[in-house]
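**Q** Read off the chains here:
Number of protein chains: 2
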Amino acid sequence: MEIEYHGGEPEPGTVYLVGSGPGDPGLLTVKAKRLLERADVVLHDKLPGPEILGDLPDERCIDVGKRAHGDRTPQSEINERLVELADEGKSVVRLKGGDSFVFGRGGEEAEYLAEHGVPFEVVPAVTSAVAAPAVAGIPVTHRDHASSVSFVTGHEDPTKEDSAVDWDALATAGGTIVVLMGVTRLPQYVTALQEGGMDPETPAALVERGTWQEQRVATGTLETIVDARDEVGIEPPAVTVIGDVAASRESVVEFLENE
Amino acid sequence: MEIEYHGGEPEPGTVYLVGSGPGDPGLLTVKAKRLLERADVVLHDKLPGPEILGDLPDERCIDVGKRAHGDRTPQSEINERLVELADEGKSVVRLKGGDSFVFGRGGEEAEYLAEHGVPFEVVPAVTSAVAAPAVAGIPVTHRDHASSVSFVTGHEDPTKEDSAVDWDALATAGGTIVVLMGVTRLPQYVTALQEGGMDPETPAALVERGTWQEQRVATGTLETIVDARDEVGIEPPAVTVIGDVAASRESVVEFLENE
Chain R
1449 MEIEYHGGEP EPGTVYLVGS GPGDPGLLTV KAKRLLERAD VVLHDKLPGP EILGDLPDER
1509 CIDVGKRAHG DRTPQSEINE RLVELADEGK SVVRLKGGDS FVFGRGGEEA EYLAEHGVPF
1569 EVVPAVTSAV AAPAVAGIPV THRDHASSVS FVTGHEDPTK EDSAVDWDAL ATAGGTIVVL
1629 MGVTRLPQYV TALQEGGMDP ETPAALVERG TWQEQRVATG TLETIVDARD EVGIEPPAVT
1689 VIGDVAASRE SVVEFLENE
Chain H
1449 MEIEYHGGEP EPGTVYLVGS GPGDPGLLTV KAKRLLERAD VVLHDKLPGP EILGDLPDER
1509 CIDVGKRAHG DRTPQSEINE RLVELADEGK SVVRLKGGDS FVFGRGGEEA EYLAEHGVPF
1569 EVVPAVTSAV AAPAVAGIPV THRDHASSVS FVTGHEDPTK EDSAVDWDAL ATAGGTIVVL
1629 MGVTRLPQYV TALQEGGMDP ETPAALVERG TWQEQRVATG TLETIVDARD EVGIEPPAVT
1689 VIGDVAASRE SVVEFLENE
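So the protein lines, in turn, are chains R and H. According to my numbering, the first sequence holds residues 1449 to 1707 in order. According to my numbering, the second sequence holds residues 1449 to 1707 in order.
Take the hints with a grain of salt, since some may be wrong.
Any copy, or any two copies together, can satisfy a pair, since identical chains are not distinguished.
Claimed, not checked - Here are the simulated DMTMM-like cross-link-like pairs (lysine to aspartate or glutamate), alpha carbons at most 20 Å apart as the crow flies: (1) 1608 to 1488; (2) 1494 to 1535; (3) 1494 to 1671; (4) 1538 to 1563; (5) 1538 to 1679; (6) 1494 to 1662.
No lab work stands behind these hints: they were computed from the structure.
With the hints as constraints, model all of the structure from the sequences given.
**A** This is the structure we're talking about:
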């Protein structure tokens, strides 16, 4: 038998804001896969990962992550490019790693497209914030010890006066905290959370390249996770999980077939 | 061209904890779709939705949502059933709506399987917490006005003394709040958030059956969203979004092709 699906046929002059998921091609959605296979142009950066990008033909792809001298293409230029291509009548996929609307700037792209009268569709994806912990045996919520989960970006310096992330509130909220893009600033925010009153014994884990073949995991507590990171040699991209759920891995990993 | 994927071949004696995504069959992952098509048995409730469930052949499906006299099958019975089927050498898909590890009790099932020596795999999915707002034009994070997002369950009564969700901390954290399963208790937690210091003018939205053909949306503010819910007649299952991002819908909806 087959589960039927008749969508995913790209329309000319339309932009598709598509997330690739965490990197495993099996975690692309059926719709994202069809759009990628059929759209006239795909604008992407490096985060969808080598397995997904490797199958896309170069002649339909524009790498908007790369730029001369190691710079990244500015968001304003990407926005303009999307409008130009749609105005030429092309069907355009804007492909991001993870989900476009979870720290992926998809919201800004949607606003720009609407301002310029370009029809667009949002294609939600598996977010790495949930999937990277999951495949390492860590559920971000748990009936017994996590009735909320917060996703934050670790790009920002938590010692900055005007830090947009309220680490004190997160420290007291009692749920799981998942930090995306938080490898480098790990020492700063584990300190901020302890200063905010979080127990230093709170379990913590880092999952690098979750769902990729190169996946690596480091575990510890709020107090020891920086050392664990350095010992395993965790590098970006990685997801940090802080909360009692992070200890779940230990009790299930022996029978977990994802790794 | 085609994006290659060689996984998704179910192994005998293994349980697959699979999320269906928010309901649109196009938002199943490639891996979930293959496993559903090929597994010996699929245990599911109603939440994956009629479009996905309708394509699965009855003889391979066990509905563990239903039970005599309108009761639900207890979790302990589902756990035991999973172990039994795996011990018989069957390949078993445990299918949940959304993602199994976001308020889906997948963590408990994983623990039970590991305790009983049953090999299992986690297949992450598109969570409705992100996807339902997204297809209604609402990004749960935004560079300009939301550097964090918290998912909470609305099943619990926020006026309960021992409520596991800290609404006061959420009210001050400053990020987006997404409440799952929170249609009925909406009046209680919008009050709790205002008592916690959240501006009554904070934008809010409800998305019922996001990505389904029957999708419905109600918008307002913390102060008006209960009336908006009643006016549109929003019913479960629905997702509530609270935060500045909820106002984004208005500026993009004219060009949004998802609806």
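**Q** If a hint holds in the structure, say so; if it does not, say that too.
**A** Status of each hint after checking the structure:
For a Cα distance limit of 20 Å, the shortest separation of residue 1608 from residue 1488 qualifies neither inside one copy, at 43 Å, nor across copies, at 54 Å. With identical chains, the CA atoms of residue 1494 and residue 1535 are never at most 20 Å apart, being 26 Å at best within one copy and 42 Å at best between copies. Taking identical chains as interchangeable, the C-alpha atoms of residue 1494 and residue 1671 are never at most 20 Å apart, the minima being 32 Å within one chain and 43 Å between chains. Only within a single protomer do residue 1538 and residue 1563 lie at most 20 Å apart by alpha-carbon distance; the minimum there is 18 Å, versus 53 Å between protomers.
Neither within a single protomer nor between protomers do residue 1538 and residue 1679 lie at most 20 Å apart by alpha-carbon distance, with minima of 48 Å and 40 Å respectively. Taking the closest pair of Cα atoms, residue 1494 and residue 1662 come within 20 Å of each other only inside a single copy of the chain (15 Å); across copies the shortest separation is 36 Å, beyond that limit.
Violation of the numbered hints given earlier is confined to hints 1, 2, 3 and 5; the remaining hints are satisfied by the structure.
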